[in-house]
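With the hints as extra help, turn the sequences into a complete structure.
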Amino acid sequence: MRKLRRTRKQRRMRMQRLAVFSVLAGLLLLTALFAEQLCPYDPYMQDYGSVLSAPSPAHPFGTDRFGRDMLSRVIAGARTSIFSTLVLVGIISVSGTAAGVLCAYFGKWTDAVVMRIADVCLAFPGLVFALAVSAVLGGGTGTAVIALAAVSWPKYARLARSRTLEIMSSDYLAAARLAGDAPGQMIVRHILPNIAGQILVTAVLDMGTMMMELSALSFLGLGARIPTAEWGSMMSGGRSMLQTYPWVVLAPGSAIFVTVAVFNLFGDALRDCLEP
Amino acid sequence: MKRVKPVLEVRDLTVRFTQRDTAVDGVSFQLYPGEILGIAGESGSGKSTVARAVTRLIDAASGEIFLKGAPITHVTGKRQRAVYRDIQMVFQSPAGSFDPRKTLGDGIGESLGNTGMKRSEVRERVGELLRQCGLGEEFAGKYAREVSGGQCQRAAIARALAIRPDILVCDEAVNALDVTVQKQIIEVLKDLQQEYGMSYLFISHDLALMQSFCDRLLIMQKGKIVEEGTADEVILHPKKEYTKRLMEAAFLFG
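Protein chains in written order, with our numbering: chain A, 1 to 276; chain B, 1 to 254.
Treat the hints as calculated values from the structure; they're not laboratory data. Glycine residues also receive a C-beta, built at the ideal position from the N, C-alpha and C atoms. Hints should not be assumed to be uniformly reliable.
As the list claims (entries may be wrong) - Label-pair restraints from in silico Cβ distances:
#1 B/Glu241 <-> A/Arg8: 34 to 44 Å
#2 A/Leu165 <-> B/Ser43: 15 to 25 Å
#3 B/Phe251 <-> A/Arg8: 46 to 56 Å
#4 A/Arg8 <-> B/Ala61: 48 to 58 Å
In structure tokens, the structure reads:
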């Protein structure tokens, strides 16, 4: 009885944790969505009267070397950084899952060909591949997303494939076959609903990593282009001033830190609730 | 007397998992309308593999399977799905045979929905089937994890019956349940057989149970049929040493 009560208490605490982090993640998404309305100044307006001014009530995060308000640029950067991450994670989780499920379901040469391609992608260092893609397609956020998507989908393909194989050997899929389900029906009714939870948790936990990688590409000058407000490129632009005007680097850096932390904790909480 | 045609005929069936690993080796038998045919044998003797081969869940390496005279050994796609209007199966693990994300009612009604029946009709029919198998209609909204093994197996029987098959394959369908529940499930199966006149392919290792339930028995060892005859013949006068050993085990612990 005591054990039962404790698990119930644990479950309630898990739900509370999930609620807190989903609210925080939701706030970040809202910030990204309403970036334009939330910015106190135009993030691209240069003001040579107040170049590199320290944080003050007028400019809570200070200004950069063109006198642009850092707070406004961090908020505007949320849109670029968070949305490109969302698009990236959306692309890799959906395409990876589709590839994995189809490989496991149809097997034979489909499986062999697709999984070998996945192995090749997995063996390629992401940044090197991104360099190559940028060289061909030119820089920009879109290119960075494509480059990272190309090397990140195999993780989902592998997860979806192994889970699908597990489900396919289960009696309930045999029962579905006996009920006269066509292959598509079996995938939609029985396989996808049973792997969706794990894929979702992996995707949310991946948000942090992918945001860091996108920022890293921007930092190297391969992602978002100047003057686009994007956290990685903002840090890159201010790196020479780290010791003299630290707020230029610290503001976008903290934004990345906070966002990555919130999405990771949200992913953890989601996993605890979905996979007890 | 006019000869009755078998509903299911298996000729020289061989199933291999790998080139060396032959699970079923040249098995032949007939199942006649309204008959209860038992397949017994120790675990690993290939009896469940026979069940999965005749339901086309696994492919035969050689041999032929005829359902009502038509060959089904290599049917795929639509024609394979059509086979399942005549042949259904009850699995060993009741909970494992229901999708954990779907209710029992969803599972039971799935085959009916696939035939194009309206949702309201399916719901009505599911309630009817549950009542027939000794469960209340409220079980349609429950998940497999929320009910006992016996209740779940009753739901699995309801699912197998939904499409009114001619043949029901029971693969160790009662062996995971405790003895009193086993009896109840056997009673349900007997009643349904009398009502619909289905044929059963009843797979088990429990000879004591099979003596009272089956008309004919096949004894399998290492993928081959080593003995066959009426249930009483095989159990009261076993010819093979292997069958005697199986009997001793069944009546000692059963």
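Structure-based check of all given hints:
A beta carbon spacing of about 57 Å between B/Glu241 and A/Arg8 contradicts the range 34 to 44 Å that was offered as a hint. For A/Leu165 and B/Ser43, the Cβ-Cβ distance of about 24 Å falls inside the hinted range of 15 to 25 Å, so the restraint holds. Between B/Phe251 and A/Arg8 the CB atoms are about 47 Å apart, so this pair conforms to the stated range of 46 to 56 Å. In this structure the supplied range 48 to 58 Å holds for A/Arg8 paired with B/Ala61, their Cβ-Cβ distance being about 53 Å.
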